[in-house]
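Visitor: Residue numbers (full-length UniProt numbering), protein chains in the order written: chain L, 1 to 287; chain X, 1 to 475; chain B, 1 to 318.
Zero decoy hints are in this set.
Okay, derived cross-link-like pairs now, DMTMM-like style, lysine to aspartate or glutamate, Cα gap no bigger than 25 Å in a straight line:
#: 1; chain 1: B; residue 1: LYS49; chain 2: X; residue 2: ASP116
#: 2; chain 1: X; residue 1: LYS406; chain 2: L; residue 2: ASP226
#: 3; chain 1: B; residue 1: LYS244; chain 2: X; residue 2: GLU299
#: 4; chain 1: X; residue 1: LYS308; chain 2: B; residue 2: GLU274
#: 5; chain 1: B; residue 1: LYS244; chain 2: X; residue 2: ASP266
#: 6; chain 1: B; residue 1: LYS97; chain 2: X; residue 2: GLU3
#: 7; chain 1: X; residue 1: LYS324; chain 2: B; residue 2: ASP58
#: 8; chain 1: X; residue 1: LYS146; chain 2: L; residue 2: GLU261
#: 9; chain 1: B; residue 1: LYS223; chain 2: B; residue 2: GLU195
#: 10; chain 1: B; residue 1: LYS244; chain 2: X; residue 2: GLU275
#: 11; chain 1: X; residue 1: LYS135; chain 2: L; residue 2: ASP268
#: 12; chain 1: X; residue 1: LYS146; chain 2: L; residue 2: ASP268
#: 13; chain 1: X; residue 1: LYS63; chain 2: X; residue 2: ASP195
#: 14; chain 1: L; residue 1: LYS258; chain 2: X; residue 2: GLU222
#: 15; chain 1: X; residue 1: LYS324; chain 2: B; residue 2: GLU274
#: 16; chain 1: B; residue 1: LYS263; chain 2: X; residue 2: ASP116
#: 17; chain 1: X; residue 1: LYS239; chain 2: L; residue 2: ASP226
#: 18; chain 1: L; residue 1: LYS258; chain 2: X; residue 2: ASP70
#: 19; chain 1: B; residue 1: LYS244; chain 2: X; residue 2: GLU304
#: 20; chain 1: X; residue 1: LYS324; chain 2: B; residue 2: GLU37
#: 21; chain 1: X; residue 1: LYS324; chain 2: B; residue 2: ASP264
#: 22; chain 1: B; residue 1: LYS50; chain 2: X; residue 2: ASP12
#: 23; chain 1: X; residue 1: LYS308; chain 2: B; residue 2: GLU279
Don't read these hints as lab results, they were simulated from the structure.
Since the structure is predicted, the reported quantities are computational estimates derived from the model, not experimental observations.
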Amino acid sequence: MSDRVTVAKTYKLYIGGAFPRSESGRSYPVTDSKGAFLANAAQGSRKDARDAVTAARKAFGGWSGATAYNRGQVLYRVAEVLEGRREQFVTEVAASEGVPVKKAQSLVDTAIDRWVWYAGWTDKVAAVLGSANPVAGPYFSFSTPEPTGVVAVLAPQQSSLLGLVSVIAPVIASGNTAVVVTSQDRPLPAITLSEVLATSDVPGGVVNIITGRTAEIAPWLASHADVNALDLTGAPEPLRAELERSAAGTVKRVLRTKVGEDFAVTPDLSRIRAYLETKTVWHPMGV
Amino acid sequence: MWEYAPAPESRDIANLKPAYRMFVDGQFVEGSGEPLKTINPGTEEVLAEVSTASKSDVDTAVKAARRAYDRVWSKMPGSERAKYIYRIARQIQERGRELAVLESLDNGKPIKESRDVDVPTAAAHFFYHAGWADKLGYAGYGPDPKPLGVAGQVIPWNFPLLMAAWKIAPALACGNTVVLKPAETTPLTALVLADIIAQCDLPPGVVNIIPGAGDIGAALVEHDGVDKVAFTGSTEVGKTIQRQLAGTNKKLTLELGGKAANVVFDDAPLDQAVEGIVNGIFFNQGHVCCAGSRLLVQESIADELLEKLHARVSTLRVGDPLDKNTDVGAINSREQLARITELTESGEAEGAQRWTSSCPLPDKGFYFAPTVFSGVSQAMRIAREEIFGPVLSVLTFRTPDEAVAKANNTPYGLSAGVWTEKGSRILWMAQRMRAGVVWSNTFNRFDPTAPFGGYQESGFGREGGRTGLEAYLDV
Amino acid sequence: MAAPTTLPSALADAVRDESSLRRFLHGLPGVDQVGVEQRAAGLGTRSIKKAAKLHAIDLAISMVDLTTLEGADTPGKVRGLAAKARRPDPDRPDVPKVAAVCVYPDMVKTAADELRGTGIGVASVATAFPSGRSTMDVKLADTRFAVEQGASEVDMVIDRGAFLSGRYGQVFEEIVEVKRACGDAHLKVILETGELVTYDNVRRASWLALLAGGDFIKTSTGKVQPAATLPVTHVMLQAVRDWKTQTGELRGVKPAGGIRSTKDAIKYLVAVHEVAGPEWLDPHLFRFGASTLLNDLLMQRRTQLDGHYSGPDYVTVD
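Start from the sequences and build out the full structure, keeping to the hints where you can.
Guide: This is the structure:
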């Protein structure tokens, strides 16, 4: 029996709904947990990060202005498409993380369910976190949560798919757009996820995915004046304080997660809250 | 002509003492810092000598707060904490007149504002938050949200008592203990609040108040024993604090500067819009982070509105902060007066048209006549930088989209105003303006039940309402 | 529709026909209730002391339209009122006399006889006061009778029913006709703001009355609650202020009903001073329609001058 030669995938970046190579022309080899070569991934640069921020900003108006119902359906659609490519993800997660297939299946299933969980939140966040304010005067005052804007996400280094989904979904559920730097050594599920996003009604630019060296790209995102928030989850430990100092330059919202976050458990609202602004509106009541 | 006779509130009511001491671990004690002399900006006279904290005093205060947290406050049932906080609210009401006069003496704000806004709102903040202390499980942060520990709080000079209330009330309600540093130029009402807290028998160390300059604020927020930092003040200092706290586990909330747009459409209730504009920029001498300092007026009514505005601003009475008829009091400090003067000069140099009220100003004290710049463009410093004074910049727009674009064209995002009789346009504008507070057909309204705080470089975290509790809970 | 005076072109257009008038009145800027009430309350905290207070008291006395509008009125009652108008405080000849005495048409002659040569005006309500519910002929006859009897000022009521159902032209024409019937007598147009309910209506009615030639706009008949309020007066003061900006003409405002204390009167004067402007601090441009207010002003005046509190037995009751 003669083995058919498989068609290998070229893993590229995902920016503004397109799949470009890094503008730097660089790539880096990705191996499985045992060191065997899996693929070359694009090694994103600061200019790729810049382009991703531009794309995310451009997409922000439309995505934040979309109805919560619409966003919910889009997120649910991601779960649907992901479910359809379950086996592919199981293979990639198993290879990337070096876990048994059974474990990989559980991780992928939880990742799919995570999308469903967050999909359901899109049209509930405002009711749960907003308020009618009983002010002491003849005014109608209400407070409503709004997305903060462009969120730079340093995805977890270990949990290549479930962790990734767990940090992206809460960002976009409430209407933010994201620039994600993937796990440096386990980027392949992220690239495959971007193919899922591209084919599941998520508008281009809402999620932008960059593979490469976290330590190289993160400082440019932390200091970028058009980024509103920074998730340090996957930041290399020695770099965290410096990234945070850099983020202070434009008073970014910084999510410092507790080390060793267990992505398998159902989350609470803290990741959603982290990227929300509360807007309070007042209006007089009179005739 | 009918001239209003002077109607000064008696300064005796302030019970001014020659010297004030810091409040640490339930005691009024001398700080080991260099004592400061706090002055009346309305007259430039020295009001009192105030002992200040040194870095070792910061350490003492934080340790006292830690002890109080560990031994008493964190173990006390919320229902008991609530009663202490209610007591504070009541005592502020009972001593309201004293606090108001003292605030006007120390800060320079008109007595009618300290009397009708600062003091009653401060009492309301304690009253509101007191009720939360035993109901935190209903606040949406889980069944039993925990406090953070010791809160280090640094507040500005523009609303000395009110900012202390905004900081202390939610911290205590959530079960934290507090070390608060009032502003260097306005320490007095915070120390009277300390006296109230002492009279309310709060356990020693639950609230500590340590006057001092910026270095003491820095020492406080950097202290290892502090779990939570809350700062209200300039964006510049806010950034410094955020940098200082990088890499720590301290929770941070910042309420910083602003350059709010107050947008007036051609169908606005014009006379009330004029009032709102005046209130927006001349309330508290414009020393308000959420001041409506950029007036965006639709071109078709710009001339008419400006004429009405000039006429109205001309009636503002500038002078003795203790006079009950004073509308605009004293600028808080010589430094701030210099900054306002410098920025207005830049406005003229950059080609904006300056109009200044011809109201008489007192010979002594720090005063600045209400000023309106027209013909301002977004590129001018007076349209971009926070002046923090009674100076309004007027710009025009033609369409709602242009209004939104100009309103949002700033790194700040604290507040915004919109004036139109068209309801759907109000909601459209309110949705698009990037600001933590949007006042429509009103301006500068505050209430403890309504979350307040900024977008972008105006800071993060909210104060007030259910949302504001998050800043003081480990969630 | 015929405008009573020559108006600037923008305003002349407003009264060209019924639909222009409607467009004009509905094109006026809205009034936000909360905003205007807050401003009125804020200005109401002005503290007027010492010389400023004494000045205000004398000014207020000189602005009083001393009023009796009762079914029980008699010539005797009116003569007493006229005596009070001439010498409000018999012990203190330096007290200014009031602006006018305000009575029903059948009492005008009595009042006019008593006040001849004093410079005190005789104001008569007319036009089927207070409801205004009669025919135009009756209203005009009422007006002519009052003027013939010697009224120097006529306080007419508008047809609130017509106004509320949007028949602005009809209200306008009535004012124009009554103004004509007044001859040389000054016309005060009572809007009865308590029945107009909204501040938007008060603003529209104010402009309507000014366009039709009313010399004064007056809040109320005193027979409907609420009568004069500070925020309503603010809105009317804004109207005469803006009228002056557009035409150069000075028109007056008269709050009436419910102003009983010196403290209240001073709040109104502060509003006149700061909303319309110091020019309006003049009995030709601002009046108080009141009856009991005068005695409180007199008591407070004594308190100011004597340095101790006065009592009701030291002022005269007629």
